[in-house]
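Based on these hints, arrange chain B on the given structure of chain A.
As given, the protein sequences belong to chains A and B, one line each in that order. First residue of the first sequence: 1, per the working numbering; consecutive thereafter. First residue of the second sequence: 1001, per the working numbering; consecutive thereafter.
Simulated from the structure, these hints should not be mistaken for lab results. The beta-carbon is built from N, C-alpha and C at its ideal position, and this holds for glycine as well. Heads up, some of the hints might be wrong.
[As the list claims (entries may be wrong)] Computed footprint of chain A on chain B, listed as stretches where at least three residues anywhere in the stretch have a Cβ under 8 Å from a Cβ of chain A:
#1 1027-1041
#2 1053-1062
#3 1115-1123
[Claimed, not checked] Straight-line alpha carbon distances no greater than 27 Å define the calculated BS3-like cross-link-like pairs of lysine-lysine that follow:
#4 Lys-26(A) / Lys-198(A)
#5 Lys-1128(B) / Lys-1151(B)
#6 Lys-26(A) / Lys-40(A)
#7 Lys-1063(B) / Lys-231(A)
#8 Lys-112(A) / Lys-1020(B)
#9 Lys-1020(B) / Lys-166(A)
[To be verified] Some chain A residues judged to face chain B by a derived CB distance under 8 Å, without partners named:
#10 Lys-19
#11 Val-21
#12 Ala-22
#13 Lys-26
#14 Val-27
#15 Leu-43
#16 Phe-59
#17 Ile-61
#18 Asp-62
#19 Arg-88
#20 Gly-91
#21 Gly-246
These are the residues of each chain, in order.
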Amino acid sequence: MSDQPADAEQSNQTHFGFKQVATEQKVSMVADVFHSVAGKYDLMNDLMSMGIHRLWKRFTIDCSGVRAGHKVLDLAGGTGDLAAKFSRMVGNSGQVVLADINEAMLKVGRDKLRDLGIVGNVEYVQANAEELPFPDNTFDVITIAFGLRNVTDKDKALASMFRVLKPGGRLLVLEFSKPEFEVLSKVYDFYSFHVLPKMGKLVANDGDSYQYLAESIRMHPDQDTLETMMKNVGFEQTNYHNLTGGIVALHRGFKF
Amino acid sequence: MPAAQLFSAGLERAINQLIKLDPESAANLYKLSAKHLEVEIAEFPHALVFAFSDQVHVLVREKEAEGYQVDCKISLSLQSLQRLQDSSQITSLIKQGYLELEGDIHVAQAFSQLLKELHIDWEEQLSKFTGDVVAHTVFSAGKSLFEHAKKTANAVALTLKDGAMEEKKLAAHPYVVEDFCRQVNEVRSATERLDARLKLLETQREQN
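Bound-form chain B, shown alone:
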């Protein structure tokens, strides 16, 4: 069974379903119409090509295959894929050689924008199957549960922090650390000043 095609079929279906759930994403998809973006991940045996029309088509391509033209090609490793989540790191990743980009960068940016700006009203989606009342109740309960879990987690973190800093003295308070860092900086500056002054005095002595 062509496993790569099974994977691409699943990915294509997932992307298109998500796009369909956000009617406003059509405008972002339209910007990419007729464009092809190739993504080559070092650890994978095949490259993926995203071809755009009124849908996203995910194609599998042999690496280094000849006779195919794409508008933009990105080559990277799984490790740098994680770092790509911070778009401000793109330039430094390219400089460090973790990311290679050929062609029109706007295609990659537009695809990234399409995925980032997907806003899906999951409550609305659920209501299509369960009705408004059930959907609203489920999401309200989920929201309350999430808030409660968040508060509990914060409280536990605060307790652990106080215990580690105040009772067991395992960690220093951030103000103490900050003050320590400031003092280290002052010592470093003073040392550098002293070093510069010593060098100046040595130079003067050699001249005399």
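Next comes chain A alone, as it looks inside the complex:
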């Protein structure tokens, strides 16, 4: 199953928010969005989610089972919220790789972690999730938080993650999803399309990027579809947990 509609696949097109664009264009367009917002990314996350994104990330860490000595890949790690925590938990005998396709985001993440005194067991890699530059069976845990919906070919990315995960390892996908209740869905739609872009314009001086954010969330596969996509590339014991009424969902799958 792919994120591209069937007709779009035939014409080698994919979606960028609600727009149809050439597949090869999407990477650079997403890159432009994150180049634009990188500096205010953390601030905007706090404002947009009213700080709740920190709790969603905590839930991800709670479900990670990370221990000292583990090797963790924080994919699309952005400004390093998860990597900072993982770095302390895996200790000197473990390793955390913070990977992001976007150089600006990676730079912000690296500066932030260094300012927090987190050095030594964290590596920074600029990488495309669809073609991860790591050997097979490398990582005990892979997390991708609020990154998968920006990937052009999600099936290819999931397969790539499956390949670099060790047998017994787990993948955690934290991503916006479909609200469980109709009323919540309507409130959420109003907030996403009317409040978010204005907030983005006001704080980050970039309303378009936050318009893309709202659109990309609507184009992202729902909970059951994403779980099926994970199963299709080989993940086992897959499940998902809705957070805040399904606005966000954490998907989990194991490689055996």
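Frame of chain A, contents of chain B only:
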């Protein structure tokens, strides 16, 4: 909103702030490095896992969740949590089934030691914000107030005790109670001796 994560975030922040205020606690924390301690309280829907590094990480875990390894797991109820303050009761609590402990008990002991041995100089902490003079004045005044309240409370307790024992005769003096208990013990011993002697005499009569 994930309420359990909100609680664990607050608890984690509080513990780490307290540890940061006592630089000498770093040595105790180092002993726990890379260890995981799970605490399961019967009345709570989730278990808490304390993961140790240069900080304490508080994780929330589903009870009976599979695929997680911890170095030590403690299961207990809120009621026995209060009794745990007296560490001499641990063995009896385990025997009575109020407390279950799996894994390395030293991890639990080291965590308990870390929290018990936190010595925070609150006056020093306050002085960082207010300066030494204000901090010292506030703490001296607080100390005097505390001593005064303690003395007053003791005086009130003594007055009430005297009133209840000497004037209203509502309670007995401890010496009287002690003497009464001694006499009860003597009567009990004498009764037991008499009982034993009667049994002996009965046995002798049956043999004759």
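Inset, instruction - Give me the numbers of the hints this structure contradicts, sorted from smallest to largest. - result: 3, 5, 9, 10, 11, 12, 13, 14, 15 and 21
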